[in-house]
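Number of protein chains: 2
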Amino acid sequence: MDMHQLTRQLNESNDAKIVLLVADGLGGLPIEPNGRTELETARTPNLDALARGGVCGLSTPVAPGITPGSGPGHLGLFGYDPLKFDIGRGVLEALGIDFPIGPKDVAMRGNFCSVDAAGKLTDRRAGRIATEKCVELCGKLRQNIRIPGIEVFIEPVREYRLVVVFRGDGLGDQVEDTDPQQLGVPTLDPVATEPGSARTAELAKEFLRQTREVLRGESPANMAMLRGFACMPPIATMKEVYGLDAVALAVYPMYRGLAKLVGMRIADAGKTLADQVAGLEREWSSGNFFFVHYKYTDSTGEDGNFAAKVARIEELDAALPGIVALKPDVLIVTGDHSTPSLLRSHSWHPVPTLLAAKTCRPDPCTGFGETECLRGGLGQFLAKDLLPLALAHAGRLGKYGA
Amino acid sequence: MDMHQLTRQLNESNDAKIVLLVADGLGGLPIEPNGRTELETARTPNLDALARGGVCGLSTPVAPGITPGSGPGHLGLFGYDPLKFDIGRGVLEALGIDFPIGPKDVAMRGNFCSVDAAGKLTDRRAGRIATEKCVELCGKLRQNIRIPGIEVFIEPVREYRLVVVFRGDGLGDQVEDTDPQQLGVPTLDPVATEPGSARTAELAKEFLRQTREVLRGESPANMAMLRGFACMPPIATMKEVYGLDAVALAVYPMYRGLAKLVGMRIADAGKTLADQVAGLEREWSSGNFFFVHYKYTDSTGEDGNFAAKVARIEELDAALPGIVALKPDVLIVTGDHSTPSLLRSHSWHPVPTLLAAKTCRPDPCTGFGETECLRGGLGQFLAKDLLPLALAHAGRLGKYGA
Numbered sequence: 206m207d208m209h210q211l212t213r214q215l216n217e218s219n220d221a222k223i224v225l226l227v228a229d230g231l232g233g234l235p236i237e238p239n240g241r242t243e244l245e246t247a248r249t250p251n252l253d254a255l256a257r258g259g260v261c262g263l264s265t266p267v268a269p270g271i272t273p274g275s276g277p278g279h280l281g282l283f284g285y286d287p288l289k290f291d292i293g294r295g296v297l298e299a300l301g302i303d304f305p306i307g308p309k310d311v312a313m314r315g316n317f318c319s320v321d322a323a324g325k326l327t328d329r330r331a332g333r334i335a336t337e338k339c340v341e342l343c344g345k346l347r348q349n350i351r352i353p354g355i356e357v358f359i360e361p362v363r364e365y366r367l368v369v370v371f372r373g374d375g376l377g378d379q380v381e382d383t384d385p386q387q388l389g390v391p392t393l394d395p396v397a398t399e400p401g402s403a404r405t406a407e408l409a410k411e412f413l414r415q416t417r418e419v420l421r422g423e424s425p426a427n428m429a430m431l432r433g434f435a436c437m438p439p440i441a442t443m444k445e446v447y448g449l450d451a452v453a454l455a456v457y458p459m460y461r462g463l464a465k466l467v468g469m470r471i472a473d474a475g476k477t478l479a480d481q482v483a484g485l486e487r488e489w490s491s492g493n494f495f496f497v498h499y500k501y502t503d504s505t506g507e508d509g510n511f512a513a514k515v516a517r518i519e520e521l522d523a524a525l526p527g528i529v530a531l532k533p534d535v536l537i538v539t540g541d542h543s544t545p546s547l548l549r550s551h552s553w554h555p556v557p558t559l560l561a562a563k564t565c566r567p568d569p570c571t572g573f574g575e576t577e578c579l580r581g582g583l584g585q586f587l588a589k590d591l592l593p594l595a596l597a598h599a600g601r602l603g604k605y606g607a
Numbered sequence: 206m207d208m209h210q211l212t213r214q215l216n217e218s219n220d221a222k223i224v225l226l227v228a229d230g231l232g233g234l235p236i237e238p239n240g241r242t243e244l245e246t247a248r249t250p251n252l253d254a255l256a257r258g259g260v261c262g263l264s265t266p267v268a269p270g271i272t273p274g275s276g277p278g279h280l281g282l283f284g285y286d287p288l289k290f291d292i293g294r295g296v297l298e299a300l301g302i303d304f305p306i307g308p309k310d311v312a313m314r315g316n317f318c319s320v321d322a323a324g325k326l327t328d329r330r331a332g333r334i335a336t337e338k339c340v341e342l343c344g345k346l347r348q349n350i351r352i353p354g355i356e357v358f359i360e361p362v363r364e365y366r367l368v369v370v371f372r373g374d375g376l377g378d379q380v381e382d383t384d385p386q387q388l389g390v391p392t393l394d395p396v397a398t399e400p401g402s403a404r405t406a407e408l409a410k411e412f413l414r415q416t417r418e419v420l421r422g423e424s425p426a427n428m429a430m431l432r433g434f435a436c437m438p439p440i441a442t443m444k445e446v447y448g449l450d451a452v453a454l455a456v457y458p459m460y461r462g463l464a465k466l467v468g469m470r471i472a473d474a475g476k477t478l479a480d481q482v483a484g485l486e487r488e489w490s491s492g493n494f495f496f497v498h499y500k501y502t503d504s505t506g507e508d509g510n511f512a513a514k515v516a517r518i519e520e521l522d523a524a525l526p527g528i529v530a531l532k533p534d535v536l537i538v539t540g541d542h543s544t545p546s547l548l549r550s551h552s553w554h555p556v557p558t559l560l561a562a563k564t565c566r567p568d569p570c571t572g573f574g575e576t577e578c579l580r581g582g583l584g585q586f587l588a589k590d591l592l593p594l595a596l597a598h599a600g601r602l603g604k605y606g607a
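From first to last, the protein sequence lines are chains Z and F.
The letter at position 167 of the first sequence is residue 372 when you use this note's numbering, and the numbering goes up by one with no holes.
The letter at position 143 of the second sequence is residue 348 when you use this note's numbering, and the numbering goes up by one with no holes.
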């Protein structure tokens, strides 16, 4: 029996409300040996109070040593095993621009590039054209490309990057990238690696043929390449597997997209954390699970800016009373992965996590930080195990067996 | 997706070097209630310094409560799930005498025994004949036994024990032992439990028929029995699954054999720990993963000699500076299992483990010992999860998902 079979079977309804506050990339590292991490450096009276009253621990997003992207990181927190539910790159890119991807779609990452008269690649990123130019070229492609039998969507992302989506029947996603990963050779034709994806490969070939025609005369972006062919994986909703009416309050499209993937309703999150807390209050009666996503603990970490990450954590802490005031039955604060400013990137380090609820057993944690969490009652656990714990503390899981 | 698929997919190359120092049977128990273990009793300034700078924890070799042999214990440390990769006893026995076992081989543990005129078993160990006699009898068998269609290898081990290897095509290993496990009955004929092993059973029957002929007139060892029929399991190399050029420095053949099983190159380890450290230095430029095996923490534990185990741990500690001086990017010190001298045997107790690298998050451990490790940042983990962590700290694993 897998966990989703179990949560379906044990599901019980009540009025309890769960808040999952994800501080993206929350976990960190000290800059100096045996120093303090960003979270340990930040002044966080509200998080510390929650840690004292609740239970703490360290979450491993995917598996020990594995550094997750945002997709696997969030799926784990939503209770979906990220090694089982593998979200393809094309789908993630589409989610990242708020594209309403559906079950008949195959999504691809595209990028404009430069080729010479013989079709040989001279610049894989077309001189990193401006986003405005990308928007203009996507419009031109959209106007001119017609492929019988399917709908084609062409959406700009940023600079030389775009998203291409084919919508139709019988479109597999097992197609190889067309980027040869070297200059001086022609871009590749799309090749299917299984029969069910042969039609997609043919359509992509035709798409690229027409692209070449339409962009002839453009410079430097006179061709495109396609990568990361991906269909929506079959994912049961949080309503189906947990009986939850889940609502997402996320400022950035990628996280709204990931929430949509598991069937959350997307609420207006505005632009700031204050907007998100106001949105939470507004939506309070409309759901029983609320995912609030806070981006800046990750982006400051990626910038390598320790002080800025500390400041962003303190900003998050200051917003907490507004959430606590709503009296959620279960309040979880965690991250989808660590982003130590020392490393300027996502990392594999376990993520400090706290769960506050009336049914928490006391643990010795006196504040919220990586080292404190080592002593916490949650221990070290896989992220995918957190949601069943939230359900339990919310009184939404019955007894297994007699 | 399993971990080896993941490590293959995420594999990144660099110049980082990893040292895995395995103190066999490292974990222990106090002799007196609430006393100190062998490791806690030993004076280990160098291990303690590594523990302070690195991250500690406790490794469960196979699963909670499971006492491993050397095979599963080491496979786990090499990142191969010991419950998935089951190395048969015949293969382990062959590895233990440095026999170069190959993919067309089926290996068996043999033992000389005594039978009466009617072929009924009178001594399962042939009076524990001396090793010299075993060598002599193996030579006699080797000279006289001929089985058409295969090569037969007959190698002495110790006392009444030998290794028999058949080399040929289509040799399965699903054959039952010929030891009836009681006296006064005939030794059993080999019986295949699946059709693919029928030929092996026939060949083994012929081998035992000729053995009886050749040994007629010998006393007390006038017959042999075969147990633990086993082929080499299909195991991908560490190069394949992790991209590592792995080098083993092990004094004892069993551990060289286990290292060979996962594709390590076997370097000359000499006879002492000092030889091994010198070998490590000599091989430093030729690999990026180094397995150093130290036997005596296990053998003193098996002897039930607490003080000797303490002394052997101190000897290991004294050798550490020679390894640290090479500046490995990741240095792990652990054991393949516990061997408490109190129990005089391998045990299931978790094994103290430390990992030192620049990217370690601080933990409160101030020394290296079983109780200190309980507070460590690695927590309690399965041995098979250690290698991905080593790869992560070495910067050799990319991000999973976008």
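To be clear, the hints were calculated from the coordinates, so they are not data collected in a lab.
Don't take each hint at face value.
Note: identical chains are not told apart, hence a pair may lie in one copy or across any two.
[Unchecked claim] Keeping only pairs whose Cα atoms sit at most 25 Å apart, straight-line, the calculated BS3-like set for lysine-lysine is:
(1) 563 to 289
(2) 604 to 465
(3) 325 to 465
(4) 289 to 345
(5) 500 to 604
(6) 444 to 338
(7) 410 to 345
(8) 338 to 222
(9) 410 to 325
(10) 222 to 476
(11) 465 to 563
(12) 563 to 325
(13) 222 to 345
(14) 444 to 410
(15) 604 to 309
(16) 325 to 222
Which earlier hints turn out false for this structure, listed by number in ascending order?
Of the numbered hints given earlier, those the structure breaks are 1, 3, 4, 6, 8, 11, 12, 13, 14, 15, 16, listed in rising order.
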